[in-house]
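Protein chains in written order, with numbering that gives the first Met the number 0: chain A, 0 to 416; chain B, 0 to 212; chain C, 0 to 93; chain D, 0 to 1000.
If you are wondering where the hints come from, they were derived from the structure by calculation, not from laboratory data.
Be a bit skeptical, because a hint or two may be false.
[Stated by the list, open to error] Covered, in the sense of this in silico footprint (three residues per stretch, anywhere, with C-beta under 8 angstroms from a C-beta of chain A), are these stretches of chain C:
1. 13 to 20
2. 40 to 54
3. 75 to 86
Owing to the predicted nature of the structure, the values given are computational and were not obtained by experimental measurement.
Glycine included, C-beta positions come from ideal geometry on N, C-alpha and C.
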Amino acid sequence: MAARYSIVSLVRNAFGYHEGWQRAWRSPDPKERYHVVVIGGGGHGLATAYYLAKEHGVTDIAVIERGWLGGGNTGRNTTIIRSNYLWDESAGIYEKALQLYEGLSQDLNFNIMLSQRGVLNLAHNLHDLREISRRVNAIRLNGIDSEVLSAEEIKAMVPILNISPGARYPVLGGSLQRRGGVARHDAVAWGLARAADARGVDIVQNCEVTDILREGGRVTGVETTRGTIMADKVGIVVAGHSSVLAAMAGFRMPVESHPLQALVSEPIKPILDTVVMSGTVHVYVSQSDRGELVMGAGIDGHNGYTQRGSLPVIEHMVAAAMELFPIFSRLRMMRQWGGIVDVCPDASPIIGKTPVENLFINCGWGTGGFKATPGSGWVFAHTIARGEPHPLNAPFSLDRFAAGKLIDEHGAAGVAH
Amino acid sequence: MAEPYQRQSALAHLGLAARAAADREKSDAGVQLGERAFPGQLNLRGDPGNEEFMDAASGTVDCVLPTVPNTSAGEDDLEEGPRVLWLAPVEWLIVTAAGAEEALAGELVAAAAGCGGSVTDVSDARTVIVLQGPNARDVLMKGCPLDLHPDVFRPGHCAQSLLARAAVILYRRADEADGSASFEIHVTRSFADYLWVWLEDAAGEYGVQVIEV
Amino acid sequence: MLLITCPWCGPRDEIEFSCGGEAHITRPSEPEALTDEAWADYLFNRTNPKGPHAERWVHTHGCRRWFNVLRNTATNEILAVYEMGKPRPDGEGS
Amino acid sequence: MRPQRMRLASGGRIDRTRPLSFSFDGTRYQGFAGDTLASALMANGVRRVGRSFKLHRFRGIFSAGAEEPNAIVQLESGPRTVPNLRATQVELYDGLSAASVNAWPSLAVDFLAINSLFAPLLPAGFYYKTFMWPKPLWHACEGMIRRAAGLGRAPMDPDPDTYDHLHAHCDVLVVGGGPTGLAAALRAGRTGARVIIADEQNELGGQLLNNRQQVDGSLGADWVATACEEFVGTANVRVLTRTTAFGHYEHNHVALLERRTDHLGPGVDGVRQRLWKVRAKQVVLAAGAYERPIVFRNNDRPGVMLASAAAAYVNRYAVRPGQRAVVFTNNDSGYAAAADLADGGVPVAAIVDARLEAGDDAAALAAVRDIEVLNGFAVVDVKGRRQVAGADVSILNDEGAATGGSARTIGCDLLAVSGGWNPCVHLHCHSGGKLDFDSDWACFVPGRTPLASRAAGAAAGVFELAACLESGFEAGARAARAAGIKRRGRARKAPAAERNSPAPARRLFHVPSLKRGGEAKAFVDLQYDVTAADISLAAREGYESVEHVKRYTTLGMATDQGKTSNVAGLAILSGVLGRPIPEVGTTTFRPPYTAVTYGALAGRDVGDFADPVRKTPMHHWHVAAGAKFEDVGQWKRPWYYPRADESMQEAVNRECLAARNTIGVLDASTLGKIDIQGRDTVTFLNRVYTNTWDSLAVGRSRYGLMCGEDGMIFDDGVTTRLGDHHYLMTTTSGGAARVMSWLEEWLQTEWPELDVRLTSVTEQWASAGLCGPGARRLMDDLSEDLPLDSEALPFMAMAEGRVAEIPARVFRISFSGEVSFEINVAARYGMALWNALMTAGEKYGITPYGTEAMHVLRAEKGYIIAGQETDGTVTPIDLGLERMVSKKKDFIGKRSLSRSDTAREDRKQLVGLLTEDESEVLPEGAQIVAEPRPMPPMEMIGHVTSSYYSANVGRSIALALIRSGRSRVGEYVFAPLPGKRVMARVVEPVFFDPEGGRLHG
Ligand SMILES: Cc1cc2nc3c(=O)[nH]c(=O)nc-3n(C[C@H](O)[C@H](O)[C@H](O)COP(=O)(O)OP(=O)(O)OC[C@H]3O[C@@H](n4cnc5c(N)ncnc54)[C@H](O)[C@@H]3O)c2cc1C
Ligand SMILES: NC(=O)c1ccc[n+]([C@@H]2O[C@H](COP(=O)([O-])OP(=O)(O)OC[C@H]3O[C@@H](n4cnc5c(N)ncnc54)[C@H](O)[C@@H]3O)[C@@H](O)[C@H]2O)c1
Ligand SMILES: Cc1cc2nc3c(=O)[nH]c(=O)nc-3n(C[C@H](O)[C@H](O)[C@H](O)COP(=O)(O)O)c2cc1C
Ligand SMILES: [Zn+2]
């Protein structure tokens, strides 16, 4: 069991020139067989393993990651966390996640730097206002905090925002979820990995799953670049690569992978204390603790696995940001990058069983799954352990597409976040 | 008959005639801008593989419909006759002098309808902005992703593309007497105001003269 | 930004085009005869491969023609451009 | 003004006849034209220019270019201030004012320098390990961390400057104008190829400006001038200086940032910065190489500097970077720098060479100048707190560790370091270029690339000048050929330079400290205070991947993006992990190469140009009439027309009443219109609309609903048959473009056999909708040739004729439930028509109404608005429009309607709501519950889609989508709102004239 982190351990280690710190997680060679293999060492995969161990007592688990932990979308998202979704099904799962987030630093004994600084969604026309009103009412009746703000109230919170009525996209109002905010994305992955490892989970990096072994419609293990690993149950949690893994297991999915881009400015002294999002102008912005303005936009239109996107998307994103924040004009973009997001037709995830017995999948979080990380792991762990979904994720089954029972969150995910 | 004085071009509200009068002496401008109001514009559809159609349509417009992408046929000077721009493998834009479109449309329908052709009058759907002068190309380059190098996009060439955030049809006319390039930009009526203001802004550094077209 | 060769207009910047997703998905001739699953397969399921992908593009701000592109989604290399209705040039898929 | 005490009396590329005054941190100094802020500060003996990010240690100028980690300044103040510029890249202009960043209250006295004392508590990632308890503590600490972090400050006012974009095309783009790039551009240019050569500096020349090498027998800089003259005479070569290629994107799309006025000072007319978007057939990357530092204890003290930079200050800027130098090197280039320093008046106390032997030429450079050379030695520590006072040296063993043997301190205030060279591979890597490892030079060099791009010269790991020139020349020729240029041009010979015989470098990135814990002061990333100890710590804790090390320690994440630190960092990591450097790999190189102004990225697309505003032909009338506008997509539509002191509600009431009692007129020009021709049009309409079209007669109109293939309503509108095979379709204003491309998609991709042609005519027609009891009378007044009575022109019919002498199509269609005439005229006559209507209609009390009244009027009739009653989850059946869903034929989306969930009985259905309190207007978006509870959560059964006060009905009305709504008609439901709860009765969704008598009247 790893030593606990605290100010005391920090001071103690300072005297030893920090030479005494233990590994945050082991680096084991994979065993020949596990009860559960989780494919994908992003936040969701690690959370799945952690909650399998913590909530269900399953510890014979390997998390198989083809690169480095958190190197997928977990390590490249704009870190916005909120639970202000329209439909009851979504509210249920995202709110579960937010509640887990609220205790996660303590639970993991790893400061994930959760910053509940509030998330603002702006309305720029009458249609936006109507949608915001609908959403806020629904969120409140689901027992989740949310409120409508006037343009002036928004200005008071975000003084650098341009609310001039003459703007091309005037700010007519907006909604605020105060409990929303940001967290340090890498820390979420690392904290989960460390806590899962402490409970006996094997975390295997630099190990790519190349095939999914089946016998008579039932999963038996995985083929990897580090050899065959047998398993009673396998969970696929690979975000942008979901279709690739599904193809290995012989089924197709309603998922497409798209580039999603983000960028950061050079670090500056604090000027923005909340997260500001606008679906209409297609941008969302927050300022990180280090001082960079972190910005993201919508997906690039075509499928892609390159982790890069096109410059015009960036130009639009920046122009949109400047419409809201004219003072950004002289600041500078320091770095841009892309991730591979897995998008479902209804902009809601798929969490549940697959056509292959004992093979489970958790994907389709698209542009907005970081906020769901602990909740997603929590329900997926339940699903794997029990072989049946938890009520919170039952609506997000793969067969909802045949039935037509879609959970259309396009309004919510019109732009990525 | 509706009186011509009742007409309003897309840019009527900008008072371009007065500005052109005021700019008449402005000789050092790098860019000249003007509106060619009320151009006749007919959208023609048909199958270029259908000889009957090609003969009928070409006969009516007095030139062979261009089938090479991004090229035009017919007259550079519209007073001499219609000009035909290639838009797509099955689509052309016939540009005529103001007022000539109605008769031509009638003739075209008569000639080509029987062999699968169709004609739609779109004279009011777009206006034409004329952009010329030594820096005309520089201005276009600020908003248009096409390669407009004089040897690549030559007189008589046309293309559909984007200019700033407006969709346009670009046509390069014969060069001006001083050797500088001249372009006609067909832009959707409701985007015309945006595009004009954008062009003036983008051309600002070269000096702009508003001209009467 | 991709450089896409429109089969008619020639090479143009990506901003002139829109991507219409996977190519060669034919609308079932008798939808009513399909099960919900088979219909959903047509409607929603996509191959979404990492590698060569046959997809449809339209030259939105050009000739407005639709055409097919074979593009490697892992590298963005464009392997072929071909007309609607023509089979995939690499012989893969349907 | 103080004298420039470190300025050399002669030499350099500065103009001593043009003195410039400037200030730094409030003190005024003088420099010369040709200086950078860094060189000018150095000329004035200013050595401390900033504080580090975390520990707030003093930092001095470290380099002479884009790689600078330390000399970060805030330029100017007020609306034109720019944070985080590198002083090494800021060209001096008269009156320049700059300040250090991240120090408060001043650079000399900085409160947060106290962090230095706590440094032992602040190793990499310390915050992950603490502030977790008590829970609220973190919130407070976060605020403190945030305030302490960040470097410079954002301007607080809008930017007065302008920016723009330029699309360019060329055969060969050469990035970098050093000897390599020049040779490439010369060669390619001679073939007649279209060439663009871009360099980030103020003039071409690259390293030739900084050193004293010769090309073709003359001084490098003079050769550069000759080459530039050749370009001036060549129309096909375009030279861009002060232009940084910052991103190499897919398919050879290269983005350049040209800084046009920054060097002239603030407030100069013209475009400040221009973004060039170059589509190049071929790219030659001749971006040179960075010298790299060697990491040792206290290597961050002001006075530690890259050796080539020290030489550049002497040669190019005629400044002495110190009084007495020690050069620490592991390769021959340190000797050249030492020679330049010595010749420039900076005595070199010693060359500390990690190698046992230098190359002959290099050794000779030291020998002639009598410089002591310590072979096999390394610098292990630096003396001096505020700046370098001396270098501690000691013998190195074979493993590259200092032994402590022969230790001595050499007094100096300049410690010039050369750890070898790293080719500038950034652009090569941006779009998938791979790296190879050159083990001779221990550096990464460009490998395979998917792009039509090649590296040359120092950027390709070719460091010798003669070879650079050849390499560039060759690359230029190949690029032109690959771009399809047939001519060979005047080939001539490559420019030539003297060859020398360098000795191999010694692989040495880091000299471990002799002191325990000393590594905590051995800085790898100078800007973010990442030390060798941090890297070891990360690896020890299991953050072994280079990407983890980066993120855990923040190595390479600062504004310099690790240009001088990344390779050293991963070399140290490689040592800790015992894995070879290439196996450890690099982090990902991402654009931009150096930071890019947001204003430049946005270009002209700001303010009024952020998005085009579309205006109808009657727009200016509405403006003059004082209309308030609503944004619908890009359109501006009149929302309502308030009179003098009318409130919005009063105006809307007046407009609504007029429309039903006298005449209302609406500008309907924004509706999408598609001209459809072809023999198969009926078949086509049958497939895209849910209802059937076989029986529509010429001159008649029909309302249609379109679904997506998922069965959900997508758009609606009226289509009219104009002729045998000729139809006119209308769509919603916002949906026009979408519908057009959707229809075109089906035609071209699924049904190419159909003879149907679509042409958008939205903009061809201006359209005014007249409605109300007086409408027909007004039409009668204005038209002579149109049939107007209900027999000849019944509801849902169309006629062509003249209105106010203007040729028009008149449609009897209605969105208000009144007798209406929708008059379409060519757009040029839109304003004329409108004026005629207003003039002739005045006596009948014609009243223009806006979109708000239009919404109320249609809601009174229960007509839906696609996008308001629908949201992508609503089927025609949900809206009670079964009658519009054909049973007989297939259409897009039909199959989806019978899916198990879509066919459910208890779906949400459109109903009307009447609040108990007639004056209470439910907010649109209110959620509906059947059983209210005192507190959430509550089960929601639907929501209000439209809600208005209706002056015609004399009370509030609402439309809502409610689960099993139709079977709830008559029941009461509730809308729980913040602070109250509204009760309403479920009713049929028609509130006015349910029989529809007025429509046909
Ligand atoms: C630019 C950007 C901005 C975003 N912004 C936000 C935001 O603000 N808020 C928000 O909530 N969400 C946001 N998201 C979405 C969010 O990042 C993702 O939904 C979430 O991180 C997904 O987590 P994951 O663990 O499922 O996937 P990942 O973190 O991508 O993890 C999947 C892992 O699977 C591994 N893998 C793939 N194939 C294999 C294989 N064959 N074998 C082994 N391992 C494999 C991958 O290497 C990867 O590490 C954003 C995404 C992007 C790209
Ligand atoms: N002695 C040695 O070991 C050694 C090592 C390295 C280099 N050198 C010398 O350096 C020179 C190398 O010549 P070279 O031409 O290859 O490189 P260079 O460094 O002389 O020129 C590169 C140029 O590219 C510019 N540049 C870099 N990135 C850019 C970008 N993204 N956009 C625009 N401009 C950019 C730089 O400002 C510079 O002017 C030779 O003189 C060589 O002898 C010597
Ligand atoms: C919230 C957030 C903040 C970031 N801040 C920085 C930063 O300060 N400096 C930096 O160089 N990169 C920053 N990045 C970008 C990362 O360096 C990196 O580009 C990103 O995680 C994607 O990984 P990749 O570029 O290695 O593919 C940040 C990324 C995120 C998601
Ligand atoms: Zn085309």
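_Within 8 angstroms of chain A's CB atoms, at least three CB atoms from the segment 13 to 20 of chain C: coverage verdict_ = holds (count 5)
*For the segment 75 to 86 of chain C, do at least 3 residues have a Cβ located nearer than 8 angstroms to some Cβ of chain A?*
violated (count 1)
*asked:* Closer than 8 angstroms Cβ to Cβ for three or more residues is the test here. Does the segment 40 to 54 of chain C pass it with chain A?
replied: holds (count 11)
Checked against the numbered hints above, the structure breaks only hint 3 and satisfies the rest.
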